[in-house]
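Given the sequences, and given the hints that come with them, work out the whole structure.
Protein chains: 4
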Amino acid sequence: MKKGRLEAFSDGVLAIIITIMVLELKVPHTADLGALVHLLPVFFSYLLSFVYVGIYWNNHHHMIYLVERINGAVLWANHNLLFWLSLIPFVTAWIGENSFSKWPVFCYGCILLICGISYYILARTLVKHTGENSALAVAIGKDYKGILSIILYTIGITVSYFNAVGGMVVYVLVALIWLVPDKRIERRLTHSETKG
Amino acid sequence: MKKGRLEAFSDGVLAIIITIMVLELKVPHTADLGALVHLLPVFFSYLLSFVYVGIYWNNHHHMIYLVERINGAVLWANHNLLFWLSLIPFVTAWIGENSFSKWPVFCYGCILLICGISYYILARTLVKHTGENSALAVAIGKDYKGILSIILYTIGITVSYFNAVGGMVVYVLVALIWLVPDKRIERRLTHSETKG
Amino acid sequence: MKKGRLEAFSDGVLAIIITIMVLELKVPHTADLGALVHLLPVFFSYLLSFVYVGIYWNNHHHMIYLVERINGAVLWANHNLLFWLSLIPFVTAWIGENSFSKWPVFCYGCILLICGISYYILARTLVKHTGENSALAVAIGKDYKGILSIILYTIGITVSYFNAVGGMVVYVLVALIWLVPDKRIERRLTHSETKG
Amino acid sequence: MKKGRLEAFSDGVLAIIITIMVLELKVPHTADLGALVHLLPVFFSYLLSFVYVGIYWNNHHHMIYLVERINGAVLWANHNLLFWLSLIPFVTAWIGENSFSKWPVFCYGCILLICGISYYILARTLVKHTGENSALAVAIGKDYKGILSIILYTIGITVSYFNAVGGMVVYVLVALIWLVPDKRIERRLTHSETKG
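Residue numbers (this note's numbering), protein chains in the order written: chain A, 16 to 211; chain B, 16 to 211; chain C, 16 to 211; chain D, 16 to 211.
Keep in mind that the hints are not guaranteed to be accurate.
Because identical chains share one entry, a pair is satisfied inside a single copy or across any pair of copies.
Said to hold, decoys possible - Below, a list of computed lysine-lysine pairs in the DSBU-like style, where the Cα atoms sit at most 35 Å apart:
hint, residue 1, residue 2
1, Lys157, Lys143
2, Lys17, Lys157
3, Lys117, Lys17
4, Lys157, Lys41
5, Lys160, Lys18
6, Lys117, Lys157
7, Lys18, Lys117
8, Lys17, Lys160
9, Lys41, Lys143
10, Lys41, Lys17
11, Lys143, Lys117
12, Lys117, Lys160
13, Lys143, Lys17
14, Lys18, Lys143
15, Lys157, Lys18
Just so you know, the hints here were simulated from the structure itself, not pulled from any lab data.
Structure (structure tokens):
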């Protein structure tokens, strides 16, 4: 099967996930600047989650870009990833509502961890379908970055149990690692397009 | 007419349906883990409905994939399906709000049943347009799975009148049947693409 | 300019408009069937508006289908139409909230009227861009149906001032007229595709 | 990389941004016309923001249209723009809720200013990627209009500190400047398509 609608559906779901989070920025009933100060935790958690969903969109974009055709298993691995990503607005709002308390930050990390694993499963499912010598398999390689993220999420979750802000720092760190675009795949893209 | 925008519009509506359900996971005002326990019925009903909408998206994807061109009747059969699917978030939220009470579970089954019938009508409308010898008609065949689902929904609705949880079990069962990808169409897809 | 993104953006906006209306179906806090009876006015107004947005999507689909290229004026005529369509959920909810009272029904008709006029402006803008001999211009012809709708909306608005339910009947009537697909354009489509 | 999914994702996010603003038009609980009068500030701020998002969509559409390929830096410049645009519904609602008070109008201008700068950054990132002699670079030219807008936003913000309505007048003025389609790019489009 062609991949067009998988991309379109994923784009739609990710666009909604990234946008409904802004609805948690509840409009203050007063018109003074002080009202905005109370929104700072919500704003910061929104910003971090926006970056995370942006990272997932970019990586999803890069990964599917290298694939020609998909199958039913890929569709479900993709739905699985979208399901866990759809819970990011919930944990984001929970963090914002409670100004970085222990359990919300803990659960935020758990959702990030499950998203990371789900992304890994999607990558494996795609490689299984396209073959170990496909452009995608070569581009992903050993996926050190993906494995590192999963380790860091686990560390962040553990830290958050003792210190919520410490946990958030780890999550921000993982986001920063990914903000650097995936050179492996991008190089591969340029390479294969130059050859083509 | 070409099918591109029918796909894009359906993808958009399904992406929104699948995502607005997560808004029912109301953010707890307290930051303890116990607050999440109260959300378990909402979470489970969200998960089941996510899977159902995912199934519909997959089947819709497979079915339209085999069609070359559509007409006005197909557009309305598709709108009809989308309308009933758009009620899934409502009945899902009703179930979650009342922790699997009788009437919400009963109505959930009714909506699933009407969605199943609407999907069947869409399939028939497409076959009528593409002809009984088209790739789609051959792939769908006698559609035992669709008919079985409609029978099971009816059983589930009846069961839920006496035992709500029993009804839910039947609905989960139907979802599991569909989680197995539609081999008929997928085989057909691979077949026709190999030939092409 | 090509029309691809105009279609994609319009599909997105229309998909959201048609789906957020279902959010007005507020989940009852009780689990009895009687709770649903109170929702009947909301349900009926949702159904009517769903059909109207569906009609606009279909007609928009048919109309843009016949156009090859667009310009800046078309973009704004399209935004104008989308703006007024985006108010349909508001008036729909107002009707549902007040069980078909006079002013909500009156305003519903006004929005439908302005949408009808906006659609007419979009059609004229497209014809001006593509030329009076274009496939679109021929397909639209004198646009009796569009003019008839505008007359009927005006009648419905007037009737609703004296009898709200009477006004709704007129709006339902206009919807029924459009439920019949636009044979002019569909014939044209088939015709031009056969030639092509 | 090809630009298809960047366009689709941006269309999705912009479609949602433009549509969720209408949710701020809270349905009145009474059915009299007077209830609508209270909504006029909300309606007017919605209208202005709809026009602004429409302008951004048009300009985004024109700009990406001239680009053949994108890279990772473009993706993030685009995410950055979308993030700031996603705050428009928030400041719009804040203005509407407080009927054009000083600080909401002030902040509205700040968000518009940051959006303007983000758009400028996206344009620069694209030109850096496509080269100073690319169709895009020539079409954008010195971007007087973009720079003028940024100056006017700054003036509007300053004015709003002393007179909120005065600030709004400036913002409306900037919108009017952009309502005139970007002739530079449109001429370029027609030109390059005629040559092609």
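We went through each hint and held it up to the structure:
1. For the identical chains of this complex, Lys157 and Lys143 are neighbours both inside a copy (14 Å) and across copies (32 Å), given an alpha-carbon limit of 35 Å.
2. Within a single copy, Lys17 and Lys157 get their C-alpha atoms as close as 26 Å, and across copies as close as 26 Å, so both meet the 35 Å cut-off.
3. When the C-alpha separation of Lys117 and Lys17 is checked against a cutoff of 35 Å, the pair qualifies neither within a copy, at 44 Å, nor between copies, at 42 Å.
4. When the C-alpha separation of Lys157 and Lys41 is checked against a cutoff of 35 Å, the pair qualifies neither within a copy, at 43 Å, nor between copies, at 39 Å.
5. Proximity of Lys160 and Lys18 under a CA criterion of 35 Å is satisfied in both settings, with 25 Å inside one chain copy and 25 Å between copies.
6. For a Cα distance limit of 35 Å, the shortest separation of Lys117 from Lys157 inside one copy, 34 Å, qualifies, whereas the shortest one across copies, 51 Å, does not.
7. Proximity of Lys18 and Lys117 under a CA criterion of 35 Å is satisfied in neither setting, with 41 Å inside one chain copy and 41 Å between copies.
8. For the identical chains of this complex, Lys17 and Lys160 are neighbours both inside a copy (28 Å) and across copies (24 Å), given an alpha-carbon limit of 35 Å.
9. In this homomeric assembly, Lys41 and Lys143 never come within 35 Å of each other (Cα to Cα): the closest approach is 45 Å inside a single copy and 38 Å across copies.
10. Taking the closest pair of Cα atoms, Lys41 and Lys17 never come within 35 Å of each other, the shortest separation being 41 Å inside a single copy and 37 Å across copies.
11. Proximity of Lys143 and Lys117 under a CA criterion of 35 Å is satisfied in neither setting, with 39 Å inside one chain copy and 44 Å between copies.
12. In the homo-oligomer, the alpha carbons of Lys117 and Lys160 lie at most 35 Å apart inside one protomer (27 Å), although the nearest pairing across protomers, at 47 Å, exceeds that limit.
13. Within a single copy, Lys143 and Lys17 get their C-alpha atoms as close as 16 Å, and across copies as close as 25 Å, so both meet the 35 Å cut-off.
14. For a Cα distance limit of 35 Å, the shortest separation of Lys18 from Lys143 qualifies both inside one copy, at 16 Å, and across copies, at 27 Å.
15. Within a single copy, Lys157 and Lys18 get their C-alpha atoms as close as 24 Å, and across copies as close as 28 Å, so both meet the 35 Å cut-off.
Of the numbered hints stated above, those contradicted by the structure are hints 3, 4, 7, 9, 10, 11, listed in ascending order.
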